[in-house]
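Using the sequences and the accompanying hints, generate a full structural model.
Here are the chains, one letter per residue:
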Amino acid sequence: MQKHRLETLIPKLVVAPGLVLGFAFIYGFMIWNGVLSVTASRMLPNYELVGLAQYAKLWEMDRWWVALKNLAIFGIGYVGGAMALGVFLAVLLDQKVRAEGFIRTVYLYPMALSFVVTGTAWKWLLNPSMGLEKLMHDWGWESFSFGWLVDSEMAIYCVVIAGIWQSAGFAMALFLAGLRGIDDSIIKAAQIDGASLPRIYWRIVLPALRPVFFSTLMVLSHLAIKSFDLIMALTSGGPGYATDVPATFMYAMSFTRGQIGLGAASATMMLATVAALVVPYLYSELRGQSHER
Amino acid sequence: MSVKFFSMHVFSRALLYVTLLVGAAFFLAPLYVMVVTSLKDADEIRQNSLVSLPGGINFDAWRLAWDSACTGAQCSGLEPFFWNSVWMTIPAVLISTTWGALNGYVLSLWKFRGSETLFAFLLFGVFMPFQVVLLPMSQVLGWLGMSSSIAGLILVHLLAGLPSTTLFFRNYYAAVPKDLLNAARMDGAGFWMIFRRIIVPMSTPIVMVTLIWQFTQIWNDFLFGVAFSGADSKPITVGLNNLANTTSSVKAYNVDMAAALIAGLPTMLVYVVAGRYFVRGLTAGAVKG
Amino acid sequence: MSSALKISGIRKCFGKGDKTVEVLKRIDIDVAPGEFLILVGPSGCGKSTLLNIIAGLEEPTEGSISIGERNVVGVPPAQRDIAMVFQSYALYPTMSVAENIGFALEIRKVPKAERQTRIAEVAAMLQIEHLLDRRPSQLSGGQRQRVAMGRALARNPQLFLFDEPLSNLDAKLRVEMRAEIKRLHQLSGITSVYVTHDQVEAMTLGSRIAVMKGGVLQQLGTPDEIYNRPANTYVATFIGSPTMNLVEGRAASGQFVIAGVALALTAPDNASKPTLLGLRPEHIRLSDAATWRGVVNLVEPTGADTYVVVETPAGKLTVRAAPQTQVRPGDAVGLEIQADHVTWFDQASGLRL
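Residue numbers (my numbering), protein chains in the order written: chain C, 6 to 298; chain X, 6 to 294; chain D, 1448 to 1800.
No lab work stands behind these hints: they were computed from the structure.
Hints may contain errors.
Unchecked claim - For lysine-lysine, the following DSS-like pairs were computed, each having C-alpha atoms within a straight-line distance of at most 25 Å:
1) Lys116(X) <-> Lys17(C)
2) Lys1660(D) <-> Lys1453(D)
3) Lys1619(D) <-> Lys1556(D)
4) Lys1453(D) <-> Lys1466(D)
5) Lys183(X) <-> Lys116(X)
6) Lys1463(D) <-> Lys1453(D)
7) Lys1472(D) <-> Lys1660(D)
8) Lys1463(D) <-> Lys116(X)
9) Lys1463(D) <-> Lys183(X)
10) Lys139(C) <-> Lys256(X)
11) Lys1466(D) <-> Lys116(X)
12) Lys17(C) <-> Lys183(X)
13) Lys74(C) <-> Lys231(C)
14) Lys1466(D) <-> Lys1660(D)
15) Lys1463(D) <-> Lys1660(D)
16) Lys1453(D) <-> Lys1629(D)
17) Lys231(C) <-> Lys62(C)
18) Lys74(C) <-> Lys62(C)
As the list claims (entries may be wrong) - Far from chain X, by Cβ distances over 10 Å, these chain C residues were calculated:
19) Asn51
20) Lys62
21) Ile81
22) Met116
23) Ser150
24) Ala178
25) Asp198
26) Pro212
27) Pro244
28) Tyr246
29) Pro251
Each residue gets a CB set at the ideal place from its N, CA and C atoms; glycine is no exception.
Put into structure tokens, the structure is as follows:
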């Protein structure tokens, strides 16, 4: 009997450190960060409560608005671009291509790289005087100019391009897996019924891809919101703060400019955005799973 | 499944392959440019085209990147940063994988009241923005005397990786048939015996996936590296970023490219050798939710 | 005489509040040493739950289980001195056959030499010596089944539990393995409890059968008792294939009146209400002279017999006829009953009279 009780205790003991530390790290720190965001902290934490003053200050800053605008541009461009390219490549690769494995490896390898490596490489490729522009000139297209990287308005689009390059292969892998999961016999039945190819795609294939579509959207979106490495490496947030995003804003405020309270407030805003996106998705996924059981 | 968009007609197939090849070129181009640039000397870079092959294979840039390029105040190349990354990544990968396996084992096969809810809450850690833990974590590291140290970075990576590794193992072990466990219990095997003799031997695929996934995540990390490291503990991603962004008089692009390749080679090599585990990790994590 | 297994007052409920489901309503069974008890019934009748409770994999809500003279409620499975064979075999995939068989002994720290001997003994009994070094994935279904039994036998337990072990095998293999299990039981003499939904297995293997439905024990008896003196209509129609024919009627002045004809049968004394007449197909004969008439609906030759379905005003009846019977759908036939093999049931309650 004693042994039996011990048996039910051991699993709980084993998982306890993980759960305790994990929760402290996730929720404990989340709350702590929230507390910091309502204090007057600057260089060092100072627990004098100031209500929502930091948030008010945040929303008055031009730099924060620039960061948000860039997040929107980057988010839509990166997520939309990677998914579009991913679907396209997945459909192509699904056509029983020879050397499919090799091609897939080529499309996916950028995911194995650090965003810093990607940023560094693309910084060189899009270098205004030595990169793409010079290449076009060398190839005879004299009037081509590509100063986007140093242009306040256009620099963010360079980040979009580099991001799509990095992640399109990932989207492709997910969509390919989704396509492969579609039951062959349904397609065959539709073909026997006389459905045309576009119709099959529209009515059968695309609807069947909805779950994959949503999970890819989820993963790419939260990657976009968290994007820090790529921007730091590609533009350092510049020129000036023209390519700042919330993540780089937070880092700058907290670690470079001695504005911890403000940094914490921006972090909370980022958390709220991710939570708004991810929590409903997770909830519906887990709900679905427990119903299956 | 294969909905034949392009029939076996020669023209359609040719178009298909051409498109795929253009795609491949798009993905390979930056790598190609990085490699050839890293092998050129400064004159070649200035004069020749971006995509031209180097005149001769010149590893000078690589040597510089490794042992004497300037990364801010220091000018000792990427070598120290490389080793920092090694000492940080390997322990973190091994410990987080083991920890994830134990947690996943309990949460899938030894469920107790509330364990599923706890797991659901833990899952949020896979998605949450780490910006939210930066400030508290630096405080905690300070209290522990671990700020600006490799040990501190290892600790952060362990905590940050806990939700993902637990997720991987928990989903994998959830597929173990209940009868198998009942049989083991009837034979007299307890918690540890079942783990050691039955579960671990059948875990090779998921261990591979987790090791590779964690290695890639931790080696490639930049955020924690830049926020929590000190002068002697910066990982290679930070070193690379410093190197590429130093405002010295003359920009040595070949060195920059060589440095980027040095930083990127370990994970690329892992990917080339064991890529299918990496892909499995990606698709398992995302598709399963 | 002591019982090897005593199930007393076992109740099992799942769920809470208004969602409570009573899976086992109150089960009492005494199993004598060396008996082969079958738990049979449709899906959801609670037989697997009962087996799990005996095994210790689940706890009862009420009641007690005694193995030997020991009350084992609360005792973990490994300490009940029982062994179990699972429907899915549940062999350890990364261990060899020999390791699978010896695992329980290994855990109990039985010395290696003794373990090897025992494994060899068991392997010989089951004729799997040549498979000892293989992995489960390299074995066929029937071989895996033997290894699963070997694993259980190696323990030399007081009680042997079987959870639908033959369900995953194809028909021919199932017949072979059934004979194997019977042979092994005769050799080892270990008290066994065997769960199945297949009534043929129940009849051929069991020394006693417990028919269950909806968590209630419908009848506990020998195969003969179950077949020839079923306690209610459920047991009567569950056991025996094709099923027993049930005909509605009333007893009146020494005869039994059914739709369209009065049969020369005397119902039991307490049969004044609507009564069911139970007739097994082999106890009816096709006869031109009989008074009870009907029309042939379907003819099913099986080689050894021919089953004829006859449509009468009292309903459809299945008759077991000789294989060479020459009837065709649409023929008019008469039905003759073997009066000493009929069973009477009260229509309202379904109980045998």
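Going through the hints against the structure:
1. Lys116(X) <-> Lys17(C): holds (9 Å)
2. Lys1660(D) <-> Lys1453(D): Satisfied, since the Cα-Cα distance of roughly 20 Å is no more than 25 Å.
3. Lys1619(D) <-> Lys1556(D): Not satisfied, since the Cα-Cα distance of roughly 39 Å exceeds 25 Å.
4. Lys1453(D) <-> Lys1466(D): violated (30 Å)
5. Lys183(X) <-> Lys116(X): holds (12 Å)
6. Lys1463(D) <-> Lys1453(D): violated (28 Å)
7. Lys1472(D) <-> Lys1660(D): holds (10 Å)
8. Lys1463(D) <-> Lys116(X): holds (19 Å)
9. Lys1463(D) <-> Lys183(X): holds (24 Å)
10. Lys139(C) <-> Lys256(X): holds (17 Å)
11. Lys1466(D) <-> Lys116(X): holds (22 Å)
12. Lys17(C) <-> Lys183(X): Holds, because 19 Å separates the two Cα atoms, which is no more than 25 Å.
13. Lys74(C) <-> Lys231(C): holds (15 Å)
14. Lys1466(D) <-> Lys1660(D): holds (20 Å)
15. Lys1463(D) <-> Lys1660(D): Holds, at about 22 Å.
16. Lys1453(D) <-> Lys1629(D): Roughly 23 Å separates the two Cα atoms, so the pair holds.
17. Lys231(C) <-> Lys62(C): It holds: about 22 Å lies between the C-alpha atoms, which stays within 25 Å.
18. Lys74(C) <-> Lys62(C): holds (17 Å)
19. Asn51: holds (12 Å)
20. Lys62: holds (17 Å)
21. Ile81: holds (18 Å)
22. Met116: violated (7 Å)
23. Ser150: Correct as stated: the minimum Cβ-Cβ distance to chain X is 15 Å, above 10 Å.
24. Ala178: Per Cβ check, Ala178(C) is inside 10 Å of chain X; nearest 6 Å; violated.
25. Asp198: holds (14 Å)
26. Pro212: For Pro212(C), whose nearest Cβ neighbour in chain X is about 14 Å away, the distance exceeds 10 Å, so it holds.
27. Pro244: The assertion about Pro244(C) holds, with a minimum of 13 Å to chain X.
28. Tyr246: holds (15 Å)
29. Pro251: violated (8 Å)
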